[in-house]
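Here is how the chains run, residue by residue.
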Amino acid sequence: MSPHARLALTVGGLAALLVAVAAAALFVGSAAISPGAVIDAVTGRAAPASVESVVTRAIRLPRIAVAALAGAALAVAGVAFQALTRNPLAEPSVLGVSGGAAFGVVIGQSFGLGLTVPEAMGLTGLAFAGALLAAAAVYAIAAAGRRTIQIQTLLLAGVIVGIFFSAAITVIISLLDVNRLGGVIYWLLGNLAPIPPGALAILLAVGFGLVLSHARELNLLALGEESAQQLGVNAERLKLTIFAGAALLTASVVAFAGPIGFVGLIVPHLLRMLLGPDNRLLVPTALVGGATFLLVADTLARNVVAPAELSVGVITSFCGAPFFVYLLRTRYRGTL
Amino acid sequence: MRATEPGRTSLRPPTECRGLAAPAPVTPPLVEFRSVGFGYPASARHRARPFRLAGLSFAIAPGEIVGVIGPNSSGKTTLIRLLTRVLEPVEGEIALEGERLQSWGRAELARRVAVVPQGVPRELPFTVRELVLMGRYPHAPGRFFENPADVAAARSAMEATGVLDLAPVPLAALGGGETQRAVIARALAQEPRLLVLDEPTAHLDLRYQVETAALVRRLNRERGVTILLVSHDLNLAAQVSDRLLLLAEGGLVRLGAPEDVLDETLLADIYGCDVRVESNSATSRPTVWVPYTTDASPRRAER
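If you're matching them up, the sequences are chains P and U in order. For what it's worth, my numbering labels the leading residue of the first sequence as 102, then goes sequentially. For what it's worth, my numbering labels the leading residue of the second sequence as 14, then goes sequentially.
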């Protein structure tokens with residue numbers, strides 16, 4: 102089968118699954134609304150001010166959109182960081198990049214930035230700065246003048262940087278006014294609040310475009326930087342571009358939805374089992390697959406303890422931590 | 014057509030031989046190093062003295078096989094990196110097809126010069142076909158998927174090194190000799206004029222060493238690829254190369270026919286141990302062996 106056909110088939114299949122999951126997610130929630138009422142609300146036949154209509158159109162729909170966008174971004178960021186570090190266990194949260202972004206957001210929130218679009222953009226800017234800072238720190242610690250980065254050194258550096266930033270976040274929270282504390286905590290747990298998906302979508306499109314347009318070069322990077330250069334790749338520019346793209350994807354999600362771990366690990370690995378290592382197939386399928394995965398996780402988060410809600414980060418971590426251990430114990434046993 | 018530079022006349026045959034007729038077009042050297050110098054920054058941790066390459070001048074004519082030999086840290090790897098713009102010279106200049114190397118774009122350069130590195134990174138997850146197709150990147154960096162012409166070029170490269178049957182096999186499942194041939198096929202897929210082989214027999218046992226030597230010669234003969242063979246293995250280099258280039262301590266010691274370069278006294282001095290050179294009765298090329306009787310001088314051994 103030609104790569105075009107494989108790509109089209111996989112993306113098509115995953116997109117169909119995504120639509121099905123999104124449709125299902127629309128019908129479930131802590132407010133008991135009959136399927137008929139949901140359909141009426143979506144098609145606009147229900148009164149705009151009715152409970153059914155408000156819950157469906159103003160709460161469930163935007164939340165579905167944000168879950169799908171955030172999942173897509175995190176999965177693509179995972180593929181990008183894995184290719185960039187040539188390390189299959191790299192992932193925004195494992196690398197400490199999410200932690201850095203979260204630190205940026207908490208700084209912004211402590212200055213009173215909220216969820217209007219311009220304020221959210223300010224938060225995203227701070228998150229982006231934090232993500233870049235964390236990633237640069239991890240890279241500096243792990244590389245430390247050496248030519249190649251060892252898998253275990255990189256993971257350790259990520260853990261160290263992650264711990265540092267969570268300590269820094271704790272410091273800020275301790276100093277924070279009680280009135281602002283609730284929002285910060287709720288956000289830190291990875292809650293997908295109803296926020297403007299449009300702004301998120303634009304940031305994600307930029308990050309996704311950067312990564313997708315360099316997918317072929319990312320394959321060559323697996324040969325090592327020197328070989329990639331000798332094949333015509335501008336390795337320095339490639340690394341910076343992907344670094345910025347993946348940090349932007351991570352930072353936007355963290356700013357809008359809080360740190361959500363392990364999506365960038367689980368989704369790319371499942372897709373690799375299906376499609377192999379080619380980033381040209383992985384990047385676009387991670388977009389759709391990540392969206393589907395996080396939407397499922399968020400729908401579970403909204404419903405398993407209804408009428409209360411779990412945060413989606415709890416669900417992804419409960420799936421991701423055992424998955425990470427499984428990968429360590431089986432696939433990467435020899436390398437660690 | 015690239016302009017020929019006026020200063021570079023060393024390889025030109027004397028014009029008076031050609032009478033009054035207009036000078037016939039002369040094939041310019043494919044690669045020329047002109048007084049090239051390079052230095053790595055000093056690092057106390059890695060080397061006692063900072064490595065320097067100085068005053069390196071030589072030319073490679075199209076169609077030649079040139080073997081680069083020399084002890085450890087003599088500058089062999091640096092030479093490859095300079096030639097492929099992984100490093101830039103600090104002095105002198107390098108020309109490819111008569112044009113300064115700095116004026117070549119990376120992809121453009123990769124369509125002329127292909128490097129066969131020492132194997133592939135451990136755990137590289139790709140198949141032989143996927144690896145070989147990577148060699149097509151410089152021909153259309155903007156293309157997302159390879160087109161049928163790329164697939165045909167990759168196929169022909171895999172045929173040339175005998176790995177077509179292994180195309181769907183993951184690299185991790187290959188033996189050393191097969192991996193080497195897959196990597197050479199990837200370089201051939203670049204359709205280069207110059208193929209640079211970096212220690213092609215470093216991890217191979219005898220049979221694959223012989224096989225690699227035969228492959229290199231066949232590629233040169235059948236595809237007209239110019240070859241730069243960088244190797245520790247003096248005998249492989251002597252058997253395969255038209256000319257040898259002997260490096261030591263970052264400088265060119267001797268460049269010439271294998272029998273001129275592989276000189277017992279010279280090698281003993283450069284390598285710091287007793288060396289014997291004989292003529293291989295089968296190929297009448299020089300063969301080097303070491304008697305292992307005398308102690309190597311510690312001064313040399315430390316380096």
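Hints are not guaranteed to be accurate.
Computed from the model, here is a short list of chain U residues facing chain P with C-beta under 7 Å [said to hold, decoys possible]:
{"hint": "1", "residue": "VAL99"}
{"hint": "2", "residue": "VAL103"}
{"hint": "3", "residue": "VAL128"}
{"hint": "4", "residue": "PRO130"}
{"hint": "5", "residue": "GLY132"}
{"hint": "6", "residue": "PRO134"}
{"hint": "7", "residue": "ALA153"}
{"hint": "8", "residue": "GLY155"}
{"hint": "9", "residue": "PHE158"}
{"hint": "10", "residue": "TYR284"}
{"hint": "11", "residue": "GLY285"}
{"hint": "12", "residue": "CYS286"}
{"hint": "13", "residue": "VAL288"}
{"hint": "14", "residue": "ARG289"}
{"hint": "15", "residue": "ASN293"}
Okay, the calculated bits of chain U under chain P, using three or more residues with CB under 8 Å as the criterion [stated by the list, open to error]:
{"hint": "16", "stretch": "43-49"}
{"hint": "17", "stretch": "90-98"}
Think of the hints as simulated: they come from the structure by calculation, not from any bench. Since this is a predicted model, take the numbers as computed values, not measurements. Just so it is clear, CB atoms sit at the ideal spot from N, CA and C, and this is done for glycine as well.
So, going through the hints one by one against the coordinates:
no.: 1; hint: VAL99; verdict: holds, 5 Å
no.: 2; hint: VAL103; verdict: violated, 19 Å
no.: 3; hint: VAL128; verdict: holds, 5 Å
no.: 4; hint: PRO130; verdict: holds, 6 Å
no.: 5; hint: GLY132; verdict: violated, 11 Å
no.: 6; hint: PRO134; verdict: holds, 6 Å
no.: 7; hint: ALA153; verdict: violated, 10 Å
no.: 8; hint: GLY155; verdict: violated, 9 Å
no.: 9; hint: PHE158; verdict: holds, 5 Å
no.: 10; hint: TYR284; verdict: violated, 27 Å
no.: 11; hint: GLY285; verdict: violated, 28 Å
no.: 12; hint: CYS286; verdict: violated, 30 Å
no.: 13; hint: VAL288; verdict: violated, 32 Å
no.: 14; hint: ARG289; verdict: violated, 36 Å
no.: 15; hint: ASN293; verdict: violated, 33 Å
no.: 16; hint: 43-49; verdict: violated (count 0)
no.: 17; hint: 90-98; verdict: holds (count 3)
In terms of the numbered hints stated before, the structure departs from hints 2, 5, 7, 8, 10, 11, 12, 13, 14, 15 and 16, listed from lowest to highest.
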